[in-house]
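Asks: Residue numbers (my numbering), protein chains in the order written: chain A, 553 to 663; chain B, 826 to 938.
A portion of the hints provided could be inaccurate.
Said to hold, decoys possible - Keeping only pairs whose Cα atoms sit at most 30 Å apart, straight-line, the calculated BS3-like set for lysine-lysine is:
| hint | chain 1 | residue 1 | chain 2 | residue 2 |
| --- | --- | --- | --- | --- |
| 1 | A | K609 | B | K904 |
| 2 | A | K607 | B | K904 |
| 3 | A | K570 | B | K867 |
To be verified - Some, not all, of what chain B presents toward chain A, calculated at C-beta under 8 Å:
| hint | residue |
| --- | --- |
| 4 | L871 |
| 5 | D882 |
| 6 | N916 |
| 7 | G929 |
| 8 | K930 |
| 9 | H933 |
It should be emphasised that the hints constitute simulated quantities derived from the structure, not laboratory data.
A virtual CB, placed ideally from N, CA and C, is assigned to each residue, including glycine.
Chain residues, written in single-letter form:
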Amino acid sequence: DVKVTQSSRYLVKRTGEKVFLECVQDMDHENMFWYRQDPGLGLRLIYFSYDVKMKEKGDIPEGYSVSREKKERFSLILESASTNQTSMYLCASRGRLDTQYFGPGTRLTVL
Amino acid sequence: RKEVEQDPGPFNVPEGATVAFNCTYSNSASQSFFWYRQDCRKEPKLLMSVYSSGNEDGRFTAQLNRASQYISLLIRDSKLSDSATYLCVVNGQAGGGADGLTFGKGTHLIIQP
């Protein structure tokens, strides 16, 4: 069974803080993704990575950066959190035949 | 411009009924199609892939209509546990999601006792 884990289920941060969201997968997948999900807007792709040290911008990369130093780990960084980054953040890794495996999500609140 | 479009619902359906919903996509070159299920406050999980010939998994049937550019999901003998949001996912969208995989916003299904 594929497992994707995320470091926190719930997180509360203050405006201007640096925020790290960690994601780990155990299936040796090359492709990993970060999405945010907001009511009425659906899932939106922030960044993705095809391999270690490689990253590609998604549809809404502004205000975010990522790091992939090891194949199993993909981190999302909010350099200076803002209230409009309050959201559910979902990490995913992609297996065979384009199947996406999602982590449980991190519900981030920025005050 | 909507690349993958779904009726958001909610669809309120009595237990035991059959329910069907569609998802339309804009790019005829799209290659692969999926239905995901997302329970409230949980992550999406793959329900089934959609093959050209259509496919069935128990009470669930998925179909692809390339000519009209839509996929459908049919649920027979619906159960209370089928209540969820169903996401349509399409790959191969030009101008869609940056990596080619585009998610619909989901159809909310409520099965009522």
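Asks: Compare the structure with each hint and give your call.
Replies: Hints and how they fare:
With a CA separation close to 40 Å, the supplied pair K609/A and K904/B exceeds the 30 Å bound. At most 30 Å may separate the alpha-carbon atoms for a hinted pair to count; K607/A and K904/B exceed this at roughly 42 Å. With a C-alpha separation of about 25 Å, the suggested pair K570/A and K867/B falls inside the 30 Å cut-off, and the hint holds. For L871/B, the suggested interface contact is upheld, since its CB lies about 6 Å from the closest CB of chain A, less than 8 Å.
Contact between D882/B and chain A, as hinted, is not supported at the beta carbon level, the nearest pair being about 14 Å apart and thus beyond 8 Å. Because the smallest distance between the Cβ of N916/B and any Cβ of chain A comes to about 5 Å, under 8 Å, the interface hint for this residue holds. Hint status for G929/B relative to chain A: holds, with the closest Cβ pair at about 7 Å, below 8 Å. For K930/B, the shortest C-beta to C-beta distance to chain A is roughly 4 Å, which falls under 8 Å, so the interface hint holds.
Below 8 Å, beta-carbon pairs count as interface contacts, and H933/B has none with chain A, the closest being about 11 Å; its hint is therefore violated.
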